[in-house]
Every structure is written in C-alpha cells, then in structure tokens.
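Novice: As they're listed, the protein sequences go chains A and B.
No gaps in the numbering here: position 123 of the first sequence is 122 in numbering that gives the first Met the number 0, and each next residue is one more.
No gaps in the numbering here: position 98 of the second sequence is 97 in numbering that gives the first Met the number 0, and each next residue is one more.
Each hint should be verified, as a subset may be incorrect.
No copy labels: a pair is met if it fits in one copy or bridges any two.
Unchecked claim - In silico SDA-like cross-links for lysine to any residue, where the CA-CA straight-line distance does not exceed 20 Å: (1) 258 / 203; (2) 292 / 225; (3) 207 / 294; (4) 258 / 26; (5) 292 / 42; (6) 86 / 50; (7) 292 / 202; (8) 123 / 4; (9) 292 / 49; (10) 292 / 151; (11) 292 / 152.
Derived from the structure by calculation, the hints contain no laboratory data.
Protein chains: 2
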Amino acid sequence: MSHFSQLKYAIVGATGIVGQECLAILNSRNVPAHNVFAIASKDSCGKVIQYGDTQLIIQHLDSFDFSLCQIALFSPGASVSSVFAPKAAQQGCWVIDNTSFFRMDEDVPLIVPEINAHAVVQAKRRIIANPNCSTIQMLMAVQPIDKISPLRTIVVSTYQAVSGAGRSAVQELQDQEMGSAVAVRFARPIARNVIPQIDVFMDGGQTKEEWKMVVETHKILKPGIRVLATCVRVPVVRGHSEAIAFELEDDVPVGDLAKGFESCAGVVYCQDGLCTPLDVCGRDEVFVGRLRKDGPRWYQMWVVADNVRKGAALNAIQIADVLVERGIV
Amino acid sequence: MSHFSQLKYAIVGATGIVGQECLAILNSRNVPAHNVFAIASKDSCGKVIQYGDTQLIIQHLDSFDFSLCQIALFSPGASVSSVFAPKAAQQGCWVIDNTSFFRMDEDVPLIVPEINAHAVVQAKRRIIANPNCSTIQMLMAVQPIDKISPLRTIVVSTYQAVSGAGRSAVQELQDQEMGSAVAVRFARPIARNVIPQIDVFMDGGQTKEEWKMVVETHKILKPGIRVLATCVRVPVVRGHSEAIAFELEDDVPVGDLAKGFESCAGVVYCQDGLCTPLDVCGRDEVFVGRLRKDGPRWYQMWVVADNVRKGAALNAIQIADVLVERGIV
C-alpha cells in the first residue's frame, strides 16, 4: 500500500456520490491530501470539500493539468468523460472511468478485478472502464458458480437504489417522502413505488441498463451466456439487490455451489439467506444468499451489494490497485 | 346483477384490508346493507363500520349463523378459516376463502374466473379457494400467451406491496418512514429497503409464498410448467409488480403475443410499457407492459396489479359471480 499512497490522484466529479466515496476510500488508505486533486465542473470550482481532517479546494476540469497525477478516477456524466478522459490519458494519466461511454470499446478493458484483472494488458489508450454497478455485483456472484459448471442462462431482476441515479435522485425520493409530487429524475414518483425503467429505452424494448448487463457480462466473463435482465428502480437509498435464476451445464448439488463461495474474495455467503440493502450499506463485499436448487440444472439466489462501493468507487480503486501491483503506474 | 344484489353476504374479516375492499365492491354493485353481514373477531364485535352511506354493526364470528346468507367471503387468518369455513359451509353457505388453508385440497377448487371458472364443479364441500395475490396476476398475464404457444418455463421475481401483509404492516411502513426503528411484521425494516422473504421458509430454501406460486400455477393453469419464483417485499403500499421471463415451446413473433392480450378480459396491455404500482392502485385489471423477445423462444414482460382488488377482494367476488351465473346459488 505504500506505493499506492504515494501516487497522485485526480477525482473527477468529486462532489458526486461516487466521487465522494472515492475520496473516502483514498483517505481510509492514508493517501495524503496533497496527493489528491478534487475536480469538478465550473459550478463547484473554488469551493472546498472535506478530505478526512483537511479540506481540498475543488479545481476546474476544463483547466486541470492531468500530467500532475498518475491516476484519474472519473465519475462525471458520460458526455464529460467522452471529452476529458482521452485528454487526461493523453496527458499521461491513467483513467479509470465510471461512465458507460468507453465500456464496449475494444481497446478499453472493462474490469472487475476479482474476475478479469488480466484484461488490463488490453488497454491501448490508458483508459480502463469500470462496469455498470448491477453488472459488477451479478458477476461477482455468478463467477464462482461458472467455475464449477458453465453457466448457460442467467435471468436477473434488479431492485436498484436511487443513489445509482445521483445526488439529485436521492433528494427527489426524500422530497416525495415528505409529500412532494414532483418527479423529474424518474418517469414516475419513486417514493412508495417501483419503476421498471433505468436509463433509456432501446430498439426491441429493453432499456440501456438491461442491455449493459448483457453485453458487459459477455465482455467480462465470457460470451455465449444467455442473459435476460429486467432492471427496476426501487425506493431504497443505497444498495442494489438482484434476484438471479440461472441454468448450468451440469446438475450440480447446491451444496457444491455454496462451497464455491467460501474461499471467494469479495463475496460473503449468507447461510441464513436474508440480506437486504440496509444490511450491506457501507460494506465492501457482495452478499449472496437464498441459494437454492429449483429443478434439474436450475438454481436461484439473491445478491445484494452497496452500489456506491463495490458497484462503483471501490471497484474503480481496485482497478487502480491492479495498475500498481502490475507496475503499470 | 339483479340476482347478485339480492343474495346475502357474510364478510368474515370485515375490518381487514381485503374485507373492507369486499364491502366497497358489494356497495358499488348496489347490494343493500341489509343483505350484508360484517363479521370479525371478538375485539371488533359491536363496533360499527361504514357501508356506503349507512353503517353495519360488526357481528361476532363465534356466534354468527351462516345459514342467514348464501355466500361468505373469508379473509381472516388461515387458522380462523380452517375452523370457520367448514362450519359456514355446513350451515349451507358457500365459502370463498382468501387464505391459503384450503387451496391445495383436492375437493376445493382454486379459481381465477377468467382462467378456470369451470373448476367450480369440483367443489365438494361448498368451499372455493381464492388464489394467492401474486399467482392471480401472473396467471392472468401468462394465460393468453400459453394459448398461443405452450409455456415451458416461467421465472418470476416479485415486488410485493406491504398491504399484502395486512393493515398492521402498512402502519409499520408508515411508522418507519417517520423514523421508527421497530420491525415486527417483517424480518427487517421495510422503509427504504427490500426484503427477500414473504411468508415462512420451507425445506429446500424457498419461502412458502414462492412455493404457492409454483403449486397454484400447476393447479389452476396446468401441471408441468417449470416455475421459478423469488418473492420480495418492497416499500410500496398497494400494487404488486412482477418481472416475468418465460420460455415457450415455439419461437413466436413478439407481436403475436402482444395481440393475444388485446381481446383478453381483465388484462390491459400497455403499449408504452411503463406501468407502476402507483398507476394501477384501485384498478380492476392486470396491467402487462414491457413485453419483449430475448432470444429464441424466450421473452420478458412486466406485470402490475392492485393486490387488494384483483389479487384478493375482486377475484373473490368474481368467483361469487360464477356461482350466480351457473345457478349454484
């Protein structure tokens, strides 16, 4: 960790939920304040934000010189990343981008470190993409199973927290809980409701969030798995849940699958089965419960993780770890 | 309807959410107050409840003479139904029971009128069971599809409202929204959370609610369909949602399936796809949206219905309609 804390980091989108979590993780790893640059858009420029016991002055993205640092953690909107991630990379900095913009580019690796850290060698432009939050936790849960018997089919239904849509979405939920009828961030009020739409609709009727879960699974884990996803927003602040049914090549005893989780880094297997978003908020691991067999070769399980940590900030910083461990930075 | 309004009805569990909805539907159908008996346990006995413009005095279940009426709509707990439904039937009254107690009995039909009204002839004890709320709306949505191509597999994940757990559960959500940390009705706080447990756990790891969706589907629609269910409580007051993936025998164009819903009594097909619990609260129909094809023979859709109406009170009264139409009462 000593080398890690000596590197210099730019946090782009430092005022957002994911940016704040990145800062919290860097601080918990004892990266000194003088090694951290908080970057944001014009609106926040010049303001100060807390970093442990000290404060950082927010710098303006337009004028920031990325050659000052080795690693930039990007979590602004996709359109901002499309312009500034390549700029930062050209200035010699490694970019780990949390938006969807580069994820499917061939020369940009899409990495969940526990699964495909090796893909880092495919980076041709000093840009690495952080996968979608829902994809990360699903793949963390299915990968140990795929090692025991190859996955044929995954049917996933998500229960996604509003924090995945940013700070204004959390505020919208809070306002609606207090009686507001205004729905801006979501197509319907989200308080006391569930909404079967995340991101925009695509041709064929699936949403872009659902499409991401399919194509990112194929890129990170392996092609050829049939993935059927329904992504749903629920009135939870933090913590995504997923009901996952899956079909394997072989008819494996369910106990063998449970054992597969035991020695699995980053996964906690809940024997009693009941884990909920409120239980896992602030935790690093992906929690797997309610594992059961449901006929020949078919199984079900329930997967919960903190979408802001393993689903975003933590996974991005674990990608930085890969760069450090492999001597790339 | 004239004969319907001339019959006499006992509403057992009249103070509960479902009992209240039964009263509201009877009143909307102009059943006069003198034809309606509101029945409850000792605690509520002697109190008055509203019935349209008039009031009913709640009578005590223990001493009520069911020979005074032709139809009893039961929605107390399962243990109460187990004792009093047979008693009412022996007194000559037809019982439509909303609890799970009799559902799998061979001589008790389990009926969704649009699907298997014909099963009424199998009633040997004047008891008919009303299916589980989640089962009813799922079967309403899959039955038109099964007519086009036989269903092989259904994978369903539910998003179930707290009203399905009764009035005290709704109160618990409201209290938690105001800051209470007390969780009695559910295994975890339900405000700003989702809980992957409805009813008790059974051997093999599935909950009883999930088991109901499997065995009730086999009894009502047909045996042999593979049903994988995960049932989840969400912080919604009223309206159950279901993400349903299904596999057919044939590779049918998705447009053909959509057409199947057009002339389907009790189902509204939402072309734009987006229907949520808040949209359907108080409505009689089952709403189907987000229908899409997802590879050969696999499809997905989203199904929402008011769990208190079609999921409980309305379906029970539609069963009474069957008894009337067939001259049984």
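Novice: Determine for every hint whether it applies to the structure shown.
Specialist: Going down the list of hints, with the structure as the test:
1. In this assembly of identical chains, residue 258 and residue 203 lie within 20 Å of each other by CA distance solely across copies; the values are 16 Å between and 39 Å within a copy.
2. In this homomeric assembly, residue 292 and residue 225 come within 20 Å of each other (Cα to Cα) both inside a single copy, at 19 Å, and across copies, at 13 Å.
3. Taking identical chains as interchangeable, the C-alpha atoms of residue 207 and residue 294 lie at most 20 Å apart only when they sit on different chains, with a minimum of 17 Å there against 32 Å within one chain.
4. Taking the shortest Cα distances, residue 258 and residue 26 never come within 20 Å of each other, neither inside one copy (35 Å) nor across copies (57 Å).
5. For the homomeric pair residue 292 and residue 42, neither the shortest alpha-carbon distance inside one copy (52 Å) nor that between copies (44 Å) is at most 20 Å.
6. In this assembly of identical chains, residue 86 and residue 50 lie within 20 Å of each other by CA distance neither inside one copy nor across copies; the values are 26 Å within and 70 Å between.
7. In this assembly of identical chains, the alpha carbons of residue 292 and residue 202 lie at most 20 Å apart only when taken from different copies (11 Å versus 34 Å within one copy).
8. In this assembly of identical chains, residue 123 and residue 4 lie within 20 Å of each other by CA distance neither inside one copy nor across copies; the values are 25 Å within and 77 Å between.
9. With identical chains, the CA atoms of residue 292 and residue 49 are never at most 20 Å apart, being 48 Å at best within one copy and 48 Å at best between copies.
10. For the identical chains of this complex, residue 292 and residue 151 are neighbours both inside a copy (15 Å) and across copies (18 Å), given an alpha-carbon limit of 20 Å.
11. Proximity of residue 292 to residue 152 under the C-alpha cut-off of 20 Å is found in both arrangements, the shortest distances being 14 Å within a copy and 15 Å between copies.
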